[in-house]
Amino acid sequence: MSVVLTYELPPLVTTAPLDIHRSTVKPEWVDWNGHMNVAYYVMAFDQASGAFMRNMGLGRPYVDNKLGMTFVLEMHITYDREVRGGAPLLFKTQLLDCDAKRVHLFHEMYHADEGYLAATNETIVMNIDYATRKSGPFPAQAAERLAKVWEVHRAMPKNPKSGRLMGLKKK
Amino acid sequence: MKLPPYPILEPNLGAPLDIHRATVLPEWIDWNGHMNVGFYVVAFDKATDTLCQQFGVGWEYTRDKIGMTFVLEAHVTYDREVKEGDPLRITTQILDHDAKRVHYIHAMYHATEGYLAATNELMLMNIDYATRRSAPWPDWAMERLGKLAAAHKGLPVPKQAGRLIGIKKK
Numbered sequence: 002m003s004v005v006l007t008y009e010l011p012p013l014v015t016t017a018p019l020d021i022h023r024s025t026v027k028p029e030w031v032d033w034n035g036h037m038n039v040a041y042y043v044m045a046f047d048q049a050s051g052a053f054m055r056n057m058g059l060g061r062p063y064v065d066n067k068l069g070m071t072f073v074l075e076m077h078i079t080y081d082r083e084v085r086g087g088a089p090l091l092f093k094t095q096l097l098d099c100d101a102k103r104v105h106l107f108h109e110m111y112h113a114d115e116g117y118l119a120a121t122n123e124t125i126v127m128n129i130d131y132a133t134r135k136s137g138p139f140p141a142q143a144a145e146r147l148a149k150v151w152e153v154h155r156a157m158p159k160n161p162k163s164g165r166l167m168g169l170k171k172k
Numbered sequence: 249m250k251l252p253p254y255p256i257l258e259p260n261l262g263a264p265l266d267i268h269r270a271t272v273l274p275e276w277i278d279w280n281g282h283m284n285v286g287f288y289v290v291a292f293d294k295a296t297d298t299l300c301q302q303f304g305v306g307w308e309y310t311r312d313k314i315g316m317t318f319v320l321e322a323h324v325t326y327d328r329e330v331k332e333g334d335p336l337r338i339t340t341q342i343l344d345h346d347a348k349r350v351h352y353i354h355a356m357y358h359a360t361e362g363y364l365a366a367t368n369e370l371m372l373m374n375i376d377y378a379t380r381r382s383a384p385w386p387d388w389a390m391e392r393l394g395k396l397a398a399a400h401k402g403l404p405v406p407k408q409a410g411r412l413i414g415i416k417k418k
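Which chain is which? The protein sequence lines are A and B, in order. Residue numbers for the first sequence, in the numbering used here: 2 to 172. Residue numbers for the second sequence, in the numbering used here: 249 to 418.
Excised from the complex, chain A in its bound form:
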C-alpha cells in the first residue's frame, strides 16, 4: 500500500528547467583559499535537491511525519568558477531521468547577479521507506507530481556537462 501524504503540498512548478532555488554563500562556507570550499558547493546543491523534492511533495514534513526520506546515492560535481562569501546564488534544475523510486537530476549553480556558471551537480536521489530504511517506491501523490515535471523536462536537450567521466586528457 502506498504511503499517503497527510500534510499540505505546495503548488507544483513544472517549468523547464526548474528555477525554484536561491541561496547565499555564508561566511562559514569560505576556506583558507578565500572562496567557497568544495564541500559547501555540495551543501548548497543538496539544498537545491531538497527544493526539487519539496516540489514533489517530499520536503521536511515527509520525514517529520515519519512517512519516508530521500537519500542521495551518487553525485558528480564540476567546479567551474570561484564564488566568494556573500555571493548570491541561483540554481537551475533539469530532471534527466526517473523511475518508480529514483530521480536523476542535473543542477547548475550561477552567480545570481553576475550571471556566470559557478558549478554543476549531477545526482541520483532515492526514495526510502521510513520504517525499514530501505528503498521503496515514491508515494502515489509524489509520483504523480514527478510525472508532470518529467513530461516537460524529457524534451529538454541534455546539458553537455552531464554524463561526464573523469580523467586527464593526454595531449
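If you are wondering where the hints come from, they were derived from the structure by calculation, not from laboratory data. Every residue, glycine too, gets a C-beta built ideally from N, C-alpha and C. Wrong hints could be hidden among the right ones.
[Stated by the list, open to error] Among the chain B residues that face chain A by a calculated CB cut under 7 Å, a handful are:
#1 Trp279
#2 Val289
#3 Val290
#4 Asp293
#5 Glu321
#6 Ala322
#7 His351
#8 Glu369
#9 Met371
#10 Gly410
#11 Leu412
#12 Ile413
[As the list claims (entries may be wrong)] Cut-off 27 Å, straight-line C-alpha distance, at most; resulting in silico cross-link-like pairs (DSSO-like, lysine-lysine):
#13 Lys331/B x Lys135/A
#14 Lys27/A x Lys313/B
#15 Lys417/B x Lys149/A
#16 Lys250/B x Lys395/B
#17 Lys407/B x Lys162/A
#18 Lys27/A x Lys331/B
#19 Lys331/B x Lys102/A
#20 Lys149/A x Lys416/B
#21 Lys294/B x Lys27/A
[Claimed, not checked] To be clear about the criterion: a stretch of chain B counts as covered by chain A if any three or more of its residues have a C-beta under 8 Å from a C-beta of chain A, and this derived list gives those stretches:
#22 308-320
#23 343-350
Got chain A; can you put chain B on it based on the hints?
Positioned in the frame of chain A, the structure of chain B alone reads:
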C-alpha cells in the same frame, strides 16, 4: 632542487595511503539521523589536505603565499550510512597525475566495523598564488607526487573510479 620555506614530510609510500582518520561530528548529522551528503565531502576534503601534506603543498603552501590547490571535478558514491560519533578511516589512491594536476580516489570506511561508507574521486589542480591561475607543481611536489604515484601504480583501479551517473533500466 627548489625546496619550500617550511619543513616537508618524507612521503608515506604505503599503497594505498592509509593515514587519515576522522570522527563523525554531531553537527554533521541531518534530519535523517545520519551524516549529511555535504559533510561526507567535508570529511573527504580533509583527507585531501592529508594527501597534499604528503607532497608538500598543504596549508603552509597557501599561508606562505606560494600557491593553492583547487578541485576541478569530483564524483561521490554514497555506499552506506554513518552515524554521530562513528570513527572513520579514509584511504587514498593516486590514479594519474601530470605537470599540474593529480587524479585520485578516496575510500571512506567505518574504522571499527570495516564497511565501505563512501568514495570520492577527484581532480585537483595546482594554482599560482599571485595569478590565481593553473601552474606546474613546484619541483618538490612533482618529485614526491612521482614517488607516491609509483607506489600506487600496482593497485587495482577501484570499481567506483570512472563512473557514469545514470538510472540502470532492468
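Evaluated hints:
1. Trp279: 5 Å, holds
2. Val289: 4 Å, holds
3. Val290: 4 Å, holds
4. Asp293: 5 Å, holds
5. Glu321: 5 Å, holds
6. Ala322: Since the shortest Cβ distance to chain A is 5 Å, the answer is holds.
7. His351: 6 Å, holds
8. Glu369: 6 Å, holds
9. Met371: Holds. Min distance 6 Å.
10. Gly410: With a minimum Cβ separation of about 6 Å from chain A (threshold 7 Å), the hint on Gly410/B holds.
11. Leu412: 6 Å, holds
12. Ile413: Holds, because the Cβ-Cβ distance from Ile413/B to chain A comes to roughly 5 Å (cut-off 7 Å).
13. Lys331/B x Lys135/A: Answer holds: Lys331/B to Lys135/A is near 16 Å, not above 27 Å.
14. Lys27/A x Lys313/B: With a Cα-Cα distance of about 24 Å, the restraint between Lys27/A and Lys313/B holds, given a limit of 27 Å.
15. Lys417/B x Lys149/A: The hint holds at about 21 Å.
16. Lys250/B x Lys395/B: 17 Å, holds
17. Lys407/B x Lys162/A: Holds, at about 22 Å.
18. Lys27/A x Lys331/B: Roughly 26 Å between the alpha carbons, so the hint for Lys27/A and Lys331/B holds.
19. Lys331/B x Lys102/A: 24 Å, holds
20. Lys149/A x Lys416/B: It holds: about 22 Å lies between the C-alpha atoms, which stays within 27 Å.
21. Lys294/B x Lys27/A: Given pair Lys294/B, Lys27/A holds - Cα atoms ~20 Å apart, limit 27 Å.
22. 308-320: holds (count 6)
23. 343-350: n = 4 at 8 Å, threshold three: holds.
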